[in-house]
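Undergrad: These protein sequence lines map, in sequence, to chains G and B.
Heads up: the first sequence begins at 624 in the working numbering, then just goes up one per residue.
Heads up: the second sequence begins at 713 in the working numbering, then just goes up one per residue.
Simulated from the structure, these hints should not be mistaken for laboratory data.
Take the hints with a grain of salt, since some may be wrong.
Here are some chain G residues the structure puts well away from chain B; computed CB gaps all over 10 Å [said to hold, decoys possible]:
no., residue
1, Lys677
2, Arg681
3, Ala693
4, Ser696
5, Tyr717
6, Lys765
7, Asp767
8, Thr795
9, Cys818
10, Val870
11, Thr892
12, Arg902
13, Pro930
14, Ala996
15, Asp1015
Just some of the chain B residues that point at chain G, by a computed CB distance under 10 Å [to be verified]:
no., residue
16, Ala785
17, Phe840
18, Phe934
19, Gln940
20, Thr982
21, Asn985
Since this is a predicted model, take the numbers as computed values, not measurements.
Glycine included, every Cβ here is placed at the ideal spot set by N, Cα and C.
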Amino acid sequence: MRSTPRRLLASAALAVLTLPAAACTSDRPPPSASAAPAGSGGPRDDRGTGAQSKFFVRADYDAQMAMRRARPSGSPARPWEQSIAPRLVDTTRYKKAPPYHVCFSNAAVDNPWRQVGWKTMQAEAALHEEIGRLTALDAEGKDDKQISDIAELQDKGCDVLIVSPNTTATLTPAVSAACAKVPVIVFDRGVRTDCPVTFIKPIGGYAFGAEAAEFLIGKVPPGGKILALRILPGVDVLETRWSAAKVAFDKSDLDVVGVEFTDGDAARTKSIVSDYIQRHGRIDGVWMDAGATAVAAVEAFEDAGLPVPPINGEDQQDFLKKWNDAKLTAIAPTYPTYQWRTPVIAALKILKGEPVPKAWNLPQPTITQENLATYLKPGMPPLHYALCGCEDLPGYPEKWGGTS
Amino acid sequence: MRRALPILVVLAGLLAVIAVAQPNFLAPAALLAFVKRAAPLVILAAGQYFVIVSGEYDLSVGSLVTAEVVVAARLLDGSAEATWPVLALLVVLGLLVGLVNGVVTTLLRVPSFISTLGMLLILSGAIFLWTGGAPRGALPPQFRELGRGSLGPVPWSVLVLVAVAAGAICAMRAGFGHTLIAAGDNDRAAALSGVHVARVRTVAFMVSGLSAAVAAILLGGFAGVSAQVGQGLEFQAITAVVLGGVALGGGRGSVVAAMAGAFTLEALFTLLNLYGVSGALEPAVQGVIIIAAVALGGMSLPRGRAAAAS
């Protein structure tokens, strides 16, 4: 008997605690435009996209926009060897006789993108008999482990050190220290020093985000409601994708009704999209900063019995298959995994004294309706990335989890 | 039912607030969608209730859910033929993990906080080792039907939830429920009066493992393979149970209230989302709820005793 009032008290206190907490947040400026029920009628000059990311750097953005239109040099059949506007640097002082000991400090192999990439890099290294040894250490996504990995590798007699940094700022001193002892190649994420011989990356996040946003602007009628789905805030490579999309949406006639974080979780993505469909009646376009949960977003429309609006994904097989099977209006900008081949190629060039680009900007293709068929690879696992550039490597497709 | 009243009042209040912000929320279709989404958490909370009311914790359910989904995807690899055997295997796997948790806790006398935390780490480590962070394989549409499809207007997951809830309520009304509560209230007294405490608690862990298996089948069906599917679910389930007024340490609380607690938590998340509060705040909200609910429960206890003494 006594326990009932006590529980009532606890529950009531809880309600008092949480409800105002929820209510007061409606005063926030609407980056997540879920405040729309309250203020959808008001004028908005930012199209509902919120404040610009503090990671946005205008010069980098402009450079990437220019690179999207540039023609890379080299053979289009081997995009991992191409480069955009290369400025070659001399490497004769690193020239050596084989066999070479190539070392690699890897940030992590904890997601499908990195897994496909790592397999591709190993296969590339196996192609070259000049490479006597490939020593790789996996930092498991930890800065401190990668710092000690880089130090450890310097004592192993490496002829060249490849680094895929876990984070930009924290790894910079470790990379700088390594530069003094061995030629360093950095790829994927950068570091804040120009001591590496070459820095390899695709065009970048701005190009990815802009590509998807421009597609939606072209396909969705003016005034259409756009839902933007992001994985999580505060990661530079993802912030650039969104910030470029924001620039594009702000110039458009579209209405960005929500910018939500999915944590990269399919169930959460599906729930968020279902909520928005329910709340707004319809959603006319979906922008995503990464493709891993694109299929879940598509399913939310299917399960609601609605046509799937224009959407972007990435080059993962599950999305490409869905796109093809359900005849979606879609696009897939990419952050190609073939960039994992390039550091090995660069390492060999450096050790042979051949010039390499200081900033090795790789082309960053986009999958469209026209070229979708060439990237669909039946038999490859759902999370395989189509732009692995690995089809000509020994062991394909089995090594990448596929069947021929 | 009376013991579930306070949390039902809170739940009704939250639903009303959601309905004000979003008038079509109370339409049957939207409400069913809400129940469908809440179903896995409600089922997990029901399972967790059995363990908590017997005086223990089960921290392993989240990574067990992930393990089940990843295993199912790998075994099925998109083909439908093995759907039923794999479903059965998942249930067995859930029961087995519960059995291990129970035996380690009761026979080896490892506190459940440690034994199930260990199981959490073992399972998540094993998943990572096996998948390398990227699950392979796929779940065929037949497997996903339970989490994604519906029978007429009623989603399968809602029907599964109803069956689970009925089973849980029956179990608690039967002799098993009484011995479970007795074991949680005072295990020595229960043992002296003839309750086989170790066996009862082990069964509670197995029920929790089973609930994780069912939740995994629904979650995997809802959104497909993901290595993050179970992340944080153990704490959501415990929060839900505590929110339902079930005493940590065991011996008090009803399973209906625990399930209502899960609905309340889900409603709270829906409301936060509706007001544009970032999903990153959800763990913080859960933390506040756990601490506040337990603190309030503990605070009023001495006062009650004092009143009784005077």
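Undergrad: Broken hints, numbered, in rising order?
TA: 11, 12
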